[in-house]
Amino acid sequence: MTRDEALFQFLLRMGDNTLILGHRVSEWCGHSPVLEEDIALANTALDMIGQTQLWLGLAGEVEGKARSADDLAFLRDAWDFRNVLLCELPTGDFGQTLMRQFLYDAWSYGMTDWLKGSADPRVAAIAEKAHKEVTYHLERSGDTVVGLGDGTGESHTRMQKSLDYLWPYVVEMFEKDKVDEVLADAGIAPAPDDLRAGYDDITARVLAEATLTLPEGSYVHKGGRNGRMHTEHLGHLLTSMQWLQRAYPGAAW
Amino acid sequence: MMTRPATDQVWHWLAEVPDPEIPAISLVDLGIIRDVAWQGDTLAVTITPTYSGCPATSVIALDVEAALRAHGIEKLDLKRQISPPWTTDWMTDEGRAKLEAYGIAPPQPAGGPSRCPQCQSPNLERISQFGSTPCKATWRCRDCLEPFDYFKCI
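If you're matching them up, the sequences are chains A and B in order. Position 10 of the first sequence, counted from 1, bears residue number 60 in the working numbering, the numbering being contiguous throughout. Position 99 of the second sequence, counted from 1, bears residue number 83 in the working numbering, the numbering being contiguous throughout.
Please keep in mind that the hints were generated in silico from the structure rather than gathered at the bench. Just so it is clear, the structure is predicted and the values come from calculations on it, not from any experiment. A portion of the hints provided could be inaccurate.
To be verified - With a Cα cut of at most 30 Å, we get these calculated DSS-like pairs of lysine-lysine:
1) B:K82 / A:K211
2) A:K166 / A:K211
3) A:K166 / B:K82
4) B:K82 / A:K115
5) A:K182 / A:K272
6) A:K182 / B:K59
7) A:K166 / A:K115
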């Protein structure tokens, strides 16, 4: 695997995470419990779609086959996506949406922080921009997890259930394969497990304040970031997100 | 061939182009115009986006192009630069004053507005970390009870 082949895969992973989660969060637009939360979720989704344009734009450039960010987003099918499974799961209720956001933001925070010092200046530039937005997202999702976890009996129960359901998907973000080895050796991206300690610090602090407990058990769900096996949910998401290009191939604004 | 207007003149023209979502301030006030330079007979204008997904970014590029074309610029190269990332520190003092006069509390290093843009009371509460555009949050004054936009500090 050449360095550019590894970098292309890495950029797909970064861009597909923000694209698929951004799309999931945008599904709340017009449906949130209160107006302020509706606006907050839409803004969070917008930031992530913006980051997607940068990551997938660079992916297309590195690949060198003249594919644009839009081409990569709208003209690939499920098996070519490289997002972690956590990002493609259905939104669930509002609590589950914010718990997932928190678990993702805490990872994204550490990842973009590391990437600001990437040996590839193009990657560092995107990370520098994204990290400011992610820091803001993490503050909000963390505050909301605390507010709902340490809230009423009903909200606490829902947040604990969300954590129990989502936690087995967290491990995949720290998995390491050949792509990561090549890029870590080149100083372009971190070895994913190097981000784990910082992640555990953030999640332990917030979850303790939220009076939530990590579930027992070591079962993990994975297969998205290496493309081995996505959940059935991704295909359904793509039929909605890619509908226009599927119905009217080549349509443009 | 037209004579090349001085870059100071171009900055002056750009200072008259309003932000499409917050027309009270100009693109220069906002601090997103990073450079104006002649490269041969082509005018290169470098623009930094506020937020990576801000939908105003493409409108801003169109507005810059329209304004400069109206002033007779023929060859124009609009460059997007994401590093260093935009920060509210780049907003001009004039821009901050215009925002407040318009009813939007300007960004503060403390991470929240210093006073109500309507009645100047420091007795404030946050309603939401987000607002009507990616760059704003929603706050309320506990004295005059008016809700208002706060320009997020990043």
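Q: Sort out whether B:K82 lies within 30 Å of A:K166, counting only the CA atoms.
A: Status violated; Cα separation ~34 Å.
Q: Would you mind confirming whether the straight-line C-alpha gap from A:K182 to A:K272 stays at or under 30 Å?
A: Judged against 30 Å, a Cα distance of about 28 Å means the pair holds.
Q) Given the proposed pairing of B:K82 with A:K115, does the C-alpha separation stay at or below 30 Å? A) Outside the cut-off at roughly 47 Å; violated.
Q. Is it true that the CA of A:K166 sits at most 30 Å from the CA of A:K211?
A. 35 Å, violated
Q. Is it true that the CA of A:K166 sits at most 30 Å from the CA of A:K115?
A. 27 Å, holds
(Q) Check the hint pairing B:K82 with A:K211 against an upper bound of 30 Å on the C-alpha distance. (A) The given pair, whose Cα atoms are some 48 Å apart, is violated under the 30 Å limit.
Q: Mind checking the alpha carbons of A:K182 and B:K59 for me, to see if they're no more than 30 Å apart?
A: Outside the cut-off at roughly 34 Å; violated.
Violated hints for the displayed structure, listed by number in ascending order: 1, 2, 3, 4, 6.
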